[in-house]
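Undergrad: Take a look at the letters that make up each chain.
Protein chains: 4
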Amino acid sequence: MSQLDFKVPSLGECEIDSPLSHAEFVDEDNRISYFLKHRDIESCLEQGLPLPTFEPAGPRRRIFHDPARTRAAIVSCGGLCPGINDVIRSLVNTLWHRYRVGTIYGIRYGYRGLVAKYGLPPLHLDPDVVDYIHEHGGSILGSSRGQQSNEEILATISRMKINLLFTIGGDGTQRATSEIAGLARERNLPLSVIGIPKTIDNDLNFMDRTFGFESAIYAAGPVISSAHMEAKGVHNGIGLVKLMGRESGFIAASACLANSVANFCLIPEVEFSLDGENGLLPAIKRRLAIKNHAVIVVAEGAGQGLFEQTGTSRDASGNIVFSDIGLLLKDRIGGYLSRQRIEHSIKYLDPSYIIRSVPAYGTDAVYCLHLAENAVHAAMAGKSGMVIAHWHGNFIHVPVSLAVRERRRIDPKNQLWQSVLGATRQNDYFYARRSEGEGGD
Amino acid sequence: MSQLDFKVPSLGECEIDSPLSHAEFVDEDNRISYFLKHRDIESCLEQGLPLPTFEPAGPRRRIFHDPARTRAAIVSCGGLCPGINDVIRSLVNTLWHRYRVGTIYGIRYGYRGLVAKYGLPPLHLDPDVVDYIHEHGGSILGSSRGQQSNEEILATISRMKINLLFTIGGDGTQRATSEIAGLARERNLPLSVIGIPKTIDNDLNFMDRTFGFESAIYAAGPVISSAHMEAKGVHNGIGLVKLMGRESGFIAASACLANSVANFCLIPEVEFSLDGENGLLPAIKRRLAIKNHAVIVVAEGAGQGLFEQTGTSRDASGNIVFSDIGLLLKDRIGGYLSRQRIEHSIKYLDPSYIIRSVPAYGTDAVYCLHLAENAVHAAMAGKSGMVIAHWHGNFIHVPVSLAVRERRRIDPKNQLWQSVLGATRQNDYFYARRSEGEGGD
Amino acid sequence: MSQLDFKVPSLGECEIDSPLSHAEFVDEDNRISYFLKHRDIESCLEQGLPLPTFEPAGPRRRIFHDPARTRAAIVSCGGLCPGINDVIRSLVNTLWHRYRVGTIYGIRYGYRGLVAKYGLPPLHLDPDVVDYIHEHGGSILGSSRGQQSNEEILATISRMKINLLFTIGGDGTQRATSEIAGLARERNLPLSVIGIPKTIDNDLNFMDRTFGFESAIYAAGPVISSAHMEAKGVHNGIGLVKLMGRESGFIAASACLANSVANFCLIPEVEFSLDGENGLLPAIKRRLAIKNHAVIVVAEGAGQGLFEQTGTSRDASGNIVFSDIGLLLKDRIGGYLSRQRIEHSIKYLDPSYIIRSVPAYGTDAVYCLHLAENAVHAAMAGKSGMVIAHWHGNFIHVPVSLAVRERRRIDPKNQLWQSVLGATRQNDYFYARRSEGEGGD
Amino acid sequence: MSQLDFKVPSLGECEIDSPLSHAEFVDEDNRISYFLKHRDIESCLEQGLPLPTFEPAGPRRRIFHDPARTRAAIVSCGGLCPGINDVIRSLVNTLWHRYRVGTIYGIRYGYRGLVAKYGLPPLHLDPDVVDYIHEHGGSILGSSRGQQSNEEILATISRMKINLLFTIGGDGTQRATSEIAGLARERNLPLSVIGIPKTIDNDLNFMDRTFGFESAIYAAGPVISSAHMEAKGVHNGIGLVKLMGRESGFIAASACLANSVANFCLIPEVEFSLDGENGLLPAIKRRLAIKNHAVIVVAEGAGQGLFEQTGTSRDASGNIVFSDIGLLLKDRIGGYLSRQRIEHSIKYLDPSYIIRSVPAYGTDAVYCLHLAENAVHAAMAGKSGMVIAHWHGNFIHVPVSLAVRERRRIDPKNQLWQSVLGATRQNDYFYARRSEGEGGD
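Chains as they are written, first to last, in our numbering: chain V, 44 to 484; chain H, 44 to 484; chain C, 44 to 484; chain S, 44 to 484.
No lab work stands behind these hints, which were simulated from the structure alone. Do not take every clue at face value.
When chains are identical, the list treats them as one kind, so a pair holds in a single copy or across two.
[As the list claims (entries may be wrong)] Keeping only pairs whose Cα atoms sit at most 27 Å apart, straight-line, the calculated BS3-like set for lysine-lysine is:
#: 1; residue 1: LYS334; residue 2: LYS373
#: 2; residue 1: LYS334; residue 2: LYS80
#: 3; residue 1: LYS50; residue 2: LYS80
#: 4; residue 1: LYS160; residue 2: LYS204
#: 5; residue 1: LYS204; residue 2: LYS328
#: 6; residue 1: LYS334; residue 2: LYS50
#: 7; residue 1: LYS373; residue 2: LYS204
Please model the entire structure based on the sequences and the hints provided.
TA: Take a look at the structure:
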């Protein structure tokens, strides 16, 4: 990891006393180890290399921006995710109550709201405006996809005299975070751009978990139960549920563990074939022969290799538009079983919009709140071009370049996937190992 | 109504004392008036006609079947609906604990379980088996669609020496209820066949409400909220939700009233066109121009006239397979707005499987319990070929022929639909009456 | 019933055309029969008496108040109940959108807000203010208990030039409704006072159900489950839940049926003793001997005869302050079992505040909406001193005097209580009839 | 930390090949660092001390117990907590399906079930028995408090030929875990005793979080909302909620952050006085003067110093029985405000039984599953006298002696408490800093 740059970009010296009085200020130099396993630590030391470490998040004793002259803006981009409004609310409350920042703009519909031609005036945010917004899913600011001109964005920011820009969004959003921060630095604009990473898929680097993931797992539970009920409701019923997860299967895997009625969990990290002795189709046939029903959970990014020509069309955010694996499975399973003259009924559930638009609950809401607080602390301290991350239970600062370098994925050898195999027992069906009459449902 | 036959078929004289001790036995002769409005009553009397009345449901002092020799069976047919397991559970508990009937079969997968060739052995039900089944949606018995030979069904019933058959299902199921009852009567078999009407659409004749409807409305609420959040999440976002309701809009209308964020409610009883000055497409355009987002709730049976050739294909239950109005609307709205160069984003939610598979809650569960109790009372009293219905708040007996005669539908002049128009204010968009800048969301 | 006065007081002739265009106007003369059983109807006719009938609710073709000059006020009184905000919201929307009434006051903290000395200025309500209030329980207006001077109230109403007063509250509130209406009539003030009856106990006369009841039953479900889990969690565990129900056991009974784990349901309508052969204490001992745990649901008004000296203290609303039957049972059960040297553990749950403060859901919310719409229709038509009621499934007008005449109570001979006995099987314990080893939980 | 013993007791050499085939076996020697901050690491190294490290949890390539001869038992002790059944279920499934252990006893009612004189025969557990138990709160095994004779427990274990004992419980339970393990070692019994720490208070050492905590926070949300609605429902209404937390305020603090309507959060770690200028009572008075309502959340262990004579009575588990701080606050606040002639209304909510008996949801359920899997891996590998813990996101083995050494508590200087102060803004009331008219609710 020595080639990685853990250094967080900053606008300059902090010369103003923080208005925070009661908090324990963070010692920025007391950094958080990247490594946790003692062999990694020892190997690093043996090679005479410095331990790679992260800058801790939290309030600084001295800050860069003068609260009295600070104007903040918040923008949310990309698809919905539980907790966006919690993040917005906590950003506003922390700026307003703790730093006494009195001007906070809510940018409408993503980066578009910062591009003059769209004519989207910002909202004026204060604690009263955001008092109850966390009780709803979605984003009170709205969102959009697609790249905008960073030049135009910076022009708007300059015109509005914004010093702090908080960007809630995924990879693409955070790349813009970095670019806008860089552009501002080039022009000596005192602008802190701080990202709060948003990906419901929970697959961000240096993030133990991303906000909204926990609530998504909760929301997926009843849907999988529904698929189970539909599957058991008819002879040879099949409940097929597509969940979020473009490049990683964290949602599908966790949802299968939380609601243990799934018999097959299909994720992008683990390839599978449809046909052939160890293919999915004969595996489903075996399952039906024993139990007369089956529940399949598939991540949207799974099995993309099954499409003869994977489309390379992209959406406005630059994400590859996936072919619908759920529909493909529905067709192929149905065709296979019909050819085998096995009467059956497939119920396909596609609940993504229902799941991603719920409010954040409980500890997930608390997590959103802490992310936003730390984003404000970072911004006031003059950091720019970084995201708030969470590593081994600690909030840290990570340069955007590091955060978007690659995605976190499930390692099939690790406990998460092994537990899924244990809970679904799907390999018994894939590899025809289960003896008839055995227990379980 | 004089041409309607309100007389409930019966197997014969009740000569056995009921084992129920504490209950207030119902006086079968104290019937329930069909009419409630005094003008209807007076008009009837003025014409010298007898008041049309229903037989009241409830326990009889004397019963037909000897509990010690009685064997019961329960079958559930058609699609899932909240509360089926509550009904099954209450049938079992009432038979077992109150009448001391010790043999209760749970027939698997609908009427198929009564046809020998399918080889589906029944479950043996008792209070322990059904103790917690109401906590799950679906049906522990499973279900199936499609007609089976009544001869073969009766042969199985004879072989199993079943005296009481409880059929949980919709129109088709209840027609079979009547036919099986008739066939048994022809052959002097002492078989009581009692239907518990099931239609999540809430559109059964002589039923103030059908079981599961209440829970379906509860379950639809969060889905419409999700559509609202998705719609507001982007500029000119449209959340489109398809709900159940093949021939009636009760679910769509009630769900719109319960969760008042829908801007358009489209039901089978009220026709609409897509194009033209007062069509849906320009109405949506007007809505977007004012509010930048729209939520549309459409019953699955709405707008069937929009399909150039309404397919007449039918499913195994004989129901007409509807073309998917949701997909049609999604395509047509998208095409229209694109041609008008209005950037937009449509999110289509199709939550039927999620809604119909939830458990029944609260007062809906209580309703299921009462329906089943009354079905047992009717069966023990030797009624056959009837369903338990609910009229002006009273449980009654209705001959199958009357119950399946026609469907209940929303009268657009009545309060339910008028309230929907008030809540959605959709006619302001259809007829371009709303002035810009007015309140509401 | 001939001595009952079903005539609804009215301010005078309706001479203004209703601004409602699409609605089906109600024919006020087509009244709703009080009787539904044909024997009651026939007996009435045989005696040559007119059928007692209610005035139907709904929009009138001609109205009394001129919308352009109409000023409305809404007041909520007494304890919380699910749905108050739904009622307020629907009152505002119906007044504003359908009748174009532009001045609507929200009176703060019950009738106090209409008494000058408290200095509580009203809120100004419009559709934007109330847009999301139904998502929260409670009342945005606040409430209070206790009688205020009707003279002072009327003085405030005159000063504010209010023509329509909507009162959401229970018996005491509605008595004031009637008195204020009477006082206004004496002084020729054109004031319509319309009550929307509120009692979570569901025990109002001429009300099939009261708003909020359905949501209360839903909210009680998880609490009874908790008591069950606590009871089963230890050897001889006892879960004791006190639910609302001062003079009637509708909530306790329905909650026991909806969540069928209660072994004892105790209500005001059915007396019980603690000691003696058929007392509750030995019954609990029998239950524990067989099943090692017990769940008891008790209505707050049950067993008041057990207190040696029933206090006659009253709260500010004039309601008798009940001694806490839950605490008494906890003490007495604990003492009895200890004396019998039966180790045990009692967990007492008192969830009233948690249940009554939830929002109204689903069909309950729809019911609130319809109640409020009909209240507005009645008010605009110049009715005064009446409440909106619901009889055999129809919304009707009932004079306050009739509505508060007596309370609805459970008839122990009817299906509701008989079903509770069937579900709890408590008489087996009270009367030592259950044989050991039998099924059920 | 060098004086701490991180070494996990073990029965001896592992000489049997694990039957697990697909899993990635853990390298036991690749330990997890106790320290994460680089200064701690460096300081340790500079002193020439070895880094303190934990043994990683997970499946071992070679195991100690021969699955074919292994008999397991599971016991749950102490109060209820969400997720106990998930843990039991995952223990059974992992033993049965992955290690093929065919004899698994469920011990009834805590350690009592292992003491002959109580005569409590164990349940026989297999995957079918536990298939749906996680859908309910509580423990299917039941629980008990109080110490039993370890000698007698070991006698039963010997008689039943149990090799693996899984103990789900808190401090007291785990001390017994250690003692039983020690006693067995003395006698050369091949018994692995593995603890799964249970404390809903989330205050266990070396546990980032304890199971059930997440679900408890979710369940507390609606209760605090209820208190808020009750408080706002009357003039000067006060909603007072007591939550779990005997020695730590994690639940109270997190619940206040998740549902941000609390104005005061009182926890054991932060002392407060009632009277005096900066006391709670005048602070509440100030709050009421500005906002007319207040919501107070208090942990059960807070303010124990306010009781003149803190009782030292203990419950059967040896826990000090706390005086009820909720009742004390209710009395003292009421008395104070009455003396000040401030009309008010206090609603006291004590939801502990309701919260702790819910099922575990979503990611909390996944966490339970992983804890149990790792407990089985540890047991099969011959560990004994240890608990499964979770440190910086990793499952680890911790000797019981270390785990029960002290409790984790909130550090008032850290982000959690600082966020609570920011969310409640309670110091503005304690220290009279808030100016009237400011925003927020």
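Undergrad: With reference to the structure, classify each hint as holding or not holding.
TA: Okay, the hints, checked on the actual structure:
Taking the closest pair of Cα atoms, LYS334 and LYS373 come within 27 Å of each other only inside a single copy of the chain (19 Å); across copies the shortest separation is 38 Å, beyond that limit. In the homo-oligomer, the alpha carbons of LYS334 and LYS80 never lie at most 27 Å apart, since the shortest distance is 43 Å inside one protomer and 51 Å across protomers. Taking the shortest Cα distances, LYS50 and LYS80 sit within 27 Å of each other both inside one copy (22 Å) and across copies (16 Å). With identical chains, the CA atoms of LYS160 and LYS204 are at most 27 Å apart within one copy only, with a shortest distance of 18 Å there and 50 Å across copies.
For a Cα distance limit of 27 Å, the shortest separation of LYS204 from LYS328 qualifies neither inside one copy, at 64 Å, nor across copies, at 36 Å. Proximity of LYS334 to LYS50 under the C-alpha cut-off of 27 Å is found in neither arrangement, the shortest distances being 56 Å within a copy and 45 Å between copies. In this assembly of identical chains, the alpha carbons of LYS373 and LYS204 never lie at most 27 Å apart, being 53 Å within a copy and 42 Å across copies at closest.
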